[in-house]
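Engineer: Listed below, chain by chain, are the residues.
Number of protein chains: 2
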Amino acid sequence: MIKIFEVGPRDGLQNEKTILSLADKVWLVESLAKTGLKDIEAGAFVRADRVPQMADSEELQTKLSPHQDVNFWYLVPNRKGLERALSKNVKNIALFTAVSETFNQNNIGMSVSDSFTEMKQMMARVKSLGDIKVRGYVSTVWGCPFEGKIKPAQSLAVLDQMIALEVDQLSIGDTIGVANPVSVETIIKPLLQNYSSRAKDLLAVHFHDTRGTALANALRAFELGITVFDSSIGGLGGCPFAPGAAGNLATEDLLYLLKEMGVDTEINYQKICETGMELSRRMKDKTFTSKALQAFIANCTKNTVWDS
Amino acid sequence: MIKIFEVGPRDGLQNEKTILSLADKVWLVESLAKTGLKDIEAGAFVRADRVPQMADSEELQTKLSPHQDVNFWYLVPNRKGLERALSKNVKNIALFTAVSETFNQNNIGMSVSDSFTEMKQMMARVKSLGDIKVRGYVSTVWGCPFEGKIKPAQSLAVLDQMIALEVDQLSIGDTIGVANPVSVETIIKPLLQNYSSRAKDLLAVHFHDTRGTALANALRAFELGITVFDSSIGGLGGCPFAPGAAGNLATEDLLYLLKEMGVDTEINYQKICETGMELSRRMKDKTFTSKALQAFIANCTKNTVWDS
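The listed protein sequences correspond, in order, to chains A and B.
68 is the number of the first residue of the first sequence in our numbering; add one for each residue after it.
68 is the number of the first residue of the second sequence in our numbering; add one for each residue after it.
Treat the hints with caution; some may be incorrect.
For chains that are exact copies, the list does not tell them apart, and a pair is met inside one copy or across any two.
Distance condition first, Cα-Cα at most 30 angstroms in a straight line; then the derived DSSO-like pairs of lysine-lysine [to be verified]:
id, residue 1, residue 2
1, K187, K338
2, K158, K353
3, K256, K101
4, K338, K218
5, K101, K216
6, K267, K101
7, K187, K353
8, K353, K147
9, K326, K216
10, K218, K326
11, K216, K338
12, K158, K218
13, K351, K84
14, K187, K326
15, K155, K187
16, K84, K194
17, K155, K218
18, K200, K70
19, K84, K353
20, K351, K200
21, K256, K70
22, K194, K338
It is worth saying that the hints were derived from the structure and are not from the lab.
Bound-form chain A, shown alone (with noise of 0.2 angstroms):
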């Protein structure tokens, strides 16, 4: 079965200037919740300094309520963040670098080594509980907005690394939104190649929509055998470093393609739909970049067949 990792609460806010309120955020993962998603990416335990986005984060997990076959996940950038979500009592956490050494810089203040040794303190901790799950985010796989493109064998280290890490899911980013199916192609094949009999969905892909490549990207990720896919509600999110660059992948333009191609996913596309659009009025009426959104709300076809 093919799955997608829902990004928007917070990769997603965490990019976007109106900060959306505790009970908007509330409602937002509960109402992701019901969709059939089983991935959520609820939040981060992070400076609410640095991130404002992302201050509540705390609160929010401590008011959702559970539902059966879903995780919410937390985002942590080191052991401070680490032991925050645990004493929260958070079961499934995200760990991240970059390949790029000067967008770590810039990110996070350290170096990718620095970055690797920090996580394998954290893994180490995490290790000895027993029953946390751990997803890997690498950023700039295919370029960085400091650095332009980035060498194929780089970026290969680097996600060998975070595998190494052992941990259960590695996020595979294209943060500005440069990749090709050419590029995807070179990065995805040698890591399915060495990883796939591994652990199943151990590879996931995270598309940016920066120059309108994302879903041609996840195409040919799919075809390669890829099974998880990071996407975001309303394609919400960008890079910080990237001034103008559009968001994540759209959750909707994502499940949209992979509905009509006939790939299950158990998610409901109209409660998906229904979510983005009622998010696109909580956010005063922002235009959200998904274009299946965008034709669900107009209600493009007087039969309705493809947006339901």
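The hints should help you fit chain B onto chain A, whose structure is shown.
Structural biologist: Just chain B now, with coordinates in the frame of chain A:
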């Protein structure tokens, strides 16, 4: 070589509310002709009261300077339009029909069968002249705003009929943007099997981005062996019978993908984006749907390797 057939000045502008001045249209077509594009749909010989956006196509046609190896195409809806075009010494014309009866009735007030009777007479006239190239558009191949899903066998029959007219190129249209990579294959594969040896570049695909899938569909068509792709500068266009429908696949998005994949088109990406940017300015700073253009304008990356 992969070819892009630019439909912005006709199919794009025809579906825009803003009517561009004749001077701006001349600038647009001339500007596009300097990008390396070889085929540009410049206008239509239609009734001015029905399609006010194309009222000045006849005048436009006389004002365009010749560009080596660049073909300017004009849409003609019937014999009357054809004669007007021929009297102006037009050498590249486009005919059109649709798979859906209801769409045809609403669009041209004719049954599909009657439209073929008309086109047969037009083709006889054209063939008697000997030096006219003809493109045949078939709309609603994957779906209709009135009738919903269209059976592939029904579409293939109409597409076969258009090829049987001996057009030089067939443009296979997803008028309301409901194709997906699987259904693209269902239509394209048999056509390539039956006709690929008959004429180089006989088959072109025309995708709309209503639900964000245009580029993914183009990718699948490219993988299958299609060599001609319709697109519209900025993503201009839509469908008059599909309210809220987003426009054509954007030339910037398509070209970005192709150049990044290392596919040669001989078209200059920077010049295409500069034309899109200037057109947006001349259309009262309209935000075009093309994400690649938006990224180009925002100059998303400090290092602009991807945007030039």
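Engineer: Next, verify each hint and record whether it holds.
Structural biologist: Each hint, compared with the structure:
1. For the identical chains of this complex, K187 and K338 are neighbours neither inside a copy (39 angstroms) nor across copies (48 angstroms), given an alpha-carbon limit of 30 angstroms.
2. When the C-alpha separation of K158 and K353 is checked against a cutoff of 30 angstroms, the pair qualifies neither within a copy, at 33 angstroms, nor between copies, at 47 angstroms.
3. For the homomeric pair K256 and K101, neither the shortest alpha-carbon distance inside one copy (34 angstroms) nor that between copies (39 angstroms) is at most 30 angstroms.
4. In the homo-oligomer, the alpha carbons of K338 and K218 lie at most 30 angstroms apart only across protomers (28 angstroms), although the nearest pairing inside one protomer, at 40 angstroms, exceeds that limit.
5. In this assembly of identical chains, the alpha carbons of K101 and K216 lie at most 30 angstroms apart only when taken from different copies (29 angstroms versus 40 angstroms within one copy).
6. Within a single copy, K267 and K101 get their C-alpha atoms as close as 24 angstroms, which meets the 30 angstroms cut-off; across copies the closest is 51 angstroms, which misses it.
7. For a Cα distance limit of 30 angstroms, the shortest separation of K187 from K353 qualifies neither inside one copy, at 40 angstroms, nor across copies, at 50 angstroms.
8. When the C-alpha separation of K353 and K147 is checked against a cutoff of 30 angstroms, the pair qualifies neither within a copy, at 35 angstroms, nor between copies, at 47 angstroms.
9. Only between protomers do K326 and K216 lie at most 30 angstroms apart by alpha-carbon distance; the minimum there is 15 angstroms, versus 34 angstroms within a single protomer.
10. In this homomeric assembly, K218 and K326 come within 30 angstroms of each other (Cα to Cα) only across copies, at 18 angstroms, whereas the closest approach inside a single copy is 34 angstroms.
11. Taking CA atoms no more than 30 angstroms apart as the test, K216 paired with K338 passes between copies only; the shortest distance there is 22 angstroms, against 38 angstroms inside one copy.
12. Taking identical chains as interchangeable, the C-alpha atoms of K158 and K218 are never at most 30 angstroms apart, the minima being 35 angstroms within one chain and 48 angstroms between chains.
13. In this homomeric assembly, K351 and K84 come within 30 angstroms of each other (Cα to Cα) both inside a single copy, at 12 angstroms, and across copies, at 26 angstroms.
14. Taking CA atoms no more than 30 angstroms apart as the test, K187 paired with K326 passes in neither setting, with 39 angstroms inside one copy and 40 angstroms between copies.
15. In this homomeric assembly, K155 and K187 come within 30 angstroms of each other (Cα to Cα) only inside a single copy, at 21 angstroms, whereas the closest approach across copies is 74 angstroms.
16. In this assembly of identical chains, K84 and K194 lie within 30 angstroms of each other by CA distance neither inside one copy nor across copies; the values are 36 angstroms within and 60 angstroms between.
17. Taking the shortest Cα distances, K155 and K218 never come within 30 angstroms of each other, neither inside one copy (40 angstroms) nor across copies (54 angstroms).
18. For a Cα distance limit of 30 angstroms, the shortest separation of K200 from K70 inside one copy, 16 angstroms, qualifies, whereas the shortest one across copies, 48 angstroms, does not.
19. Taking the shortest alpha-carbon separations for K84 and K353, both the intra-copy value of 11 angstroms and the inter-copy value of 22 angstroms come in at or below 30 angstroms.
20. With identical chains, the CA atoms of K351 and K200 are never at most 30 angstroms apart, being 36 angstroms at best within one copy and 51 angstroms at best between copies.
21. When the C-alpha separation of K256 and K70 is checked against a cutoff of 30 angstroms, the pair qualifies both within a copy, at 19 angstroms, and between copies, at 29 angstroms.
22. In this assembly of identical chains, K194 and K338 lie within 30 angstroms of each other by CA distance neither inside one copy nor across copies; the values are 36 angstroms within and 54 angstroms between.
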